[in-house]
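Enquirer: The hints should help you fit chains B, C and D onto chain A, whose structure is shown.
Read off the chains here:
There are 4 protein chains.
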Amino acid sequence: MCRWLAYAGTPILLDTILYKPAHSLIDQSMHSRLGVETTNGDGFGVGWYAPDIDVPAVFRDTGPAWSNRNLREIADHIRSPLFFAHIRATTGTAVQQTNCHPFRHGRWMWMHNGAITDFHRSKRELAVAVDPDLFPDIEGSTDSELMFFLALTFGLEQDPPGAVARMAGLVEQTGRRHGVEFPLQMTVAVTDGQRLWAFRYSSQTDSRSLFFSTRVETLRALHPDVEFLREVSDETRVIVSEPPGDLPGAWNEVPESSYGIVQPGGDELLPFTPQFG
Amino acid sequence: MCRWLAYAGTPILLDTILYKPAHSLIDQSMHSRLGVETTNGDGFGVGWYAPDIDVPAVFRDTGPAWSNRNLREIADHIRSPLFFAHIRATTGTAVQQTNCHPFRHGRWMWMHNGAITDFHRSKRELAVAVDPDLFPDIEGSTDSELMFFLALTFGLEQDPPGAVARMAGLVEQTGRRHGVEFPLQMTVAVTDGQRLWAFRYSSQTDSRSLFFSTRVETLRALHPDVEFLREVSDETRVIVSEPPGDLPGAWNEVPESSYGIVQPGGDELLPFTPQFG
Amino acid sequence: MCRWLAYAGTPILLDTILYKPAHSLIDQSMHSRLGVETTNGDGFGVGWYAPDIDVPAVFRDTGPAWSNRNLREIADHIRSPLFFAHIRATTGTAVQQTNCHPFRHGRWMWMHNGAITDFHRSKRELAVAVDPDLFPDIEGSTDSELMFFLALTFGLEQDPPGAVARMAGLVEQTGRRHGVEFPLQMTVAVTDGQRLWAFRYSSQTDSRSLFFSTRVETLRALHPDVEFLREVSDETRVIVSEPPGDLPGAWNEVPESSYGIVQPGGDELLPFTPQFG
Amino acid sequence: MCRWLAYAGTPILLDTILYKPAHSLIDQSMHSRLGVETTNGDGFGVGWYAPDIDVPAVFRDTGPAWSNRNLREIADHIRSPLFFAHIRATTGTAVQQTNCHPFRHGRWMWMHNGAITDFHRSKRELAVAVDPDLFPDIEGSTDSELMFFLALTFGLEQDPPGAVARMAGLVEQTGRRHGVEFPLQMTVAVTDGQRLWAFRYSSQTDSRSLFFSTRVETLRALHPDVEFLREVSDETRVIVSEPPGDLPGAWNEVPESSYGIVQPGGDELLPFTPQFG
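Chains as they are written, first to last, in numbering that gives the first Met the number 0: chain A, 0 to 276; chain B, 0 to 276; chain C, 0 to 276; chain D, 0 to 276.
Excised from the complex, chain A in its bound form (with noise of 0.2 Å):
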């Protein structure tokens, strides 16, 4: 039950992002506006890809994004192409650095809005369908890490919107052979390096906000004073939980079971479903 931004394109301080926006992530993580929690105060994350490594540099922290100094450091010194940043609001897992997004595994990076609904009752049966050989390396206590783990043991690194999709079914198989009549609430953030998917879904029909930013150019045209919108490529993209900024035109609602495709050569925009196994 948090707040997340992806953002892929031209390499930018991520300060540019993610302090400079009105409403920007780090004010939200005080004061959301479209959330269920108005406060995301129980830690934080940023994850971004730096020039010839492949594996991303993640740096979480427990206190609120709002009074880290060492965020704000980072945000000021750091240009990446290919960055992610999320801020959390418990809903009652411990507040520690292994409960805080984005999850990595390689080079691999994910972050995740929502919950599984009850997930005291389905925890155990889905802990025990990760891959033997990956459990030992969950190292906190959320559903969102877990989630993490089943998209990895379901093949993540060959077919990310495959994986996603028999993950959330067997969270929603298992939630509903316990009795929880909508198990699964999601938007999610998954990115190789390369390519960054995103998808929002809830067995309810009923999913957390998720938006994407309008095409460079149009944007571009539309706001031709803009200076950040001159200075970035034309496949730079933004994917937010909650709009920050208020430039007219740029956000755009990613629709209910849905999930985009952000990459060299053509963004994409597909149809979510559950796969049941």
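Bear in mind the hints are in silico, worked out from the structure with no lab data behind them. Please note that a few of the clues may not be correct.
Identical copies go unnamed one by one, so any copy, or any two together, can satisfy a pair.
Said to hold, decoys possible - In silico lysine to aspartate or glutamate, EDC-like type, Cα no more than 16 Å apart, as pairs:
{"#": "1", "residue 1": "K19", "residue 2": "D75"}
{"#": "2", "residue 1": "K19", "residue 2": "E226"}
{"#": "3", "residue 1": "K19", "residue 2": "D245"}
{"#": "4", "residue 1": "K122", "residue 2": "D132"}
{"#": "5", "residue 1": "K122", "residue 2": "E138"}
Expert: Relative to chain A, chains B, C and D alone:
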């Protein structure tokens, strides 16, 4: 720019007051109603007196109170006849333990809601006014701690209202000399473990809210069914920035420019005026 | 790979045992003598029973014990007839509150020094053996917490020595099935607030050190000038990984493969053998 | 009472120097050999210059460096031509971010190993000597930060060696006036992002250790197989409290009462004498 609570009376579990009431202080850390800042997530503290030990215990930490498990443990297991609790929203100074309230000196505790306006301008002059023997004990960087050290310098241990009046006078004089129209905004609680003084004052005569609980015997007559009221002595008193609970008739506003004394034998409410050196 | 201390007897300030002695547990956090790791700075915890409350308080934090001011405050102000203290040196699992000892379940507390060898190999099988109703309550990622949950699964609340023996048996069987020659190394303390059990065992018969204090009446005769000994009851007992203080005759090694029971009416020392399912 | 490292030369991953060598700085945080304190677990910091940004980034945190995952991430992903790293062992002042080195002012960074003896006695006088415009920016409570502010007051940005000499002179004069025989013990590194100054001095002529790396071309001839040496420029230089690695001929002690300048065009080594006002 914070919220605080002071309790004096029959020894109770801290939990009774800190967590149990609707809209408790810990709830207020996430969602305050009356404050300038609605989120108070930049550290917190509790200070309490234990049997047969003059010096109070002070437990302070830097994250939000709402998710702190150690605070929950302490509140569930410690009984005290006199305790302070404080939740902090910084307006810029560092989020660190030494900036968290309550502050302690020997058997004295101090906590504050408010600010010295444009503290940056007056800070050095005020620091220089601190008793040279006390100066090296300043550990943090807040206006609140400095106000405490000034009050100690001006005789807090002998004459609390007089020392606070002289501190307030110096803060106002110094601020005005630096062109600050309304230099001081404060509600302050201070105690030596026996008596408790609570001050409400601001240069602008527009002070942060402060409330004291109605006499227990009156409340008991109004609410004969409330168990807590049957268990505490007639002399029990609570002072708060913002009322917890929803008991009609329970809370009374401390008047502008005044201070109260909670003490054995009868409480008092008196006018407060800064005193100029 | 840690150090711990368990106290049962006349209620004392935690400080008396945790800080006051030469080479106290808190000193050991920076400079241990007997341990494999000489620095135990990866988190710590204390757990204590308060009057009239069945569930013990547990205060745990992630930094070093030696510099933790809140621990110092607690030790200076809290008296308890039965408390645990633990300092941690991680061998790889995350430094986080949920990995700090003591662990608690209802009115039971558990702490551990040692390791499940090559835990990574056995972790999943051991986790799956935990009672499904308990499984979702696992919060951390350590072998120590999992050992506690296994002991709970095997009847810790009914028969502590039997449950610990079955846990140890399962750990050894599982480890050996994965090719681990010496799967278990442990000293464990467990209590329900009335009695206290302390185990010393390792697959290799080369267990981490463990000591119990000499009977108070004997010590009192040897050291008539030691004030502390005059103040505590004959039944007071301390069990430690590494002796604090420098009182000749005060400490006795717990024999290999054995366990002690500290209880009203007379302590016991018995052999310990893992039990295979 | 700490350990530090300063690097200037060909941009490298921080990891190359901070973690990779045997007995690296991060190893030293747990097990130092040369220091008065063998454990340096009371906070740490790294500061680095990023391309095209004058102001260095400063990442500081309060736990031990050895277990800090964010430091590991930064070291693995950030390249810099000039960086500082520091591990702290407090002698009493609070363990908090604002007491961690390096300290920063504009594009200047400062770090220190040593102490002002009996700092408590001199603190107020030294604080009062700080430029009133700078005074409000003091955030922590250490002697090290105050030394930095005094050096800034005395013209650090115009004449670093002169400003440090005047700072040292004031510290000695003030200490001696308070009856301190040997008021100052210091190794200090300071940089503006272009040049780097390193000082070794103590009132007692018994200064903490300080070493500088041998010229790269000499080392390269001695150790033609060491890959790192082939990759860095001839002008690359490292200065450390305690040598990491085990390369024969790699380290030279900075003489007592002297300072070095690392700069484009040729380094210098000069005598250092405090200057009295």
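Enquirer: How do K19 and E226 come out at 16 Å by Cα distance, when the copy is not named: within, between, both, or neither?
Expert: Classified as within; 13 Å inside a copy, 42 Å across copies.
Enquirer: For K19 vs D75, is the C-alpha pair at or below 16 Å within one copy, between two copies, both, or neither?
Expert: within (10 Å within a copy, 27 Å between copies)
Enquirer: When no copy is specified for K122 and D132, does a C-alpha distance of 16 Å or less occur within a copy, between copies, both, or neither?
Expert: Classified as between: cross-chain Cα gap 10 Å, same-chain 18 Å, threshold 16 Å.
Enquirer: When no copy is specified for K122 and E138, does a C-alpha distance of 16 Å or less occur within a copy, between copies, both, or neither?
Expert: So K122 and E138 pass the 16 Å test inside a copy (14 Å) and across (12 Å) alike.
Enquirer: At most 16 Å between C-alpha atoms: does K19 with D245 qualify within a copy, between copies, both, or neither?
Expert: Result: close within a single copy only, 12 Å intra versus 41 Å inter.
In the structure shown, no violation is registered for any of the earlier numbered hints.
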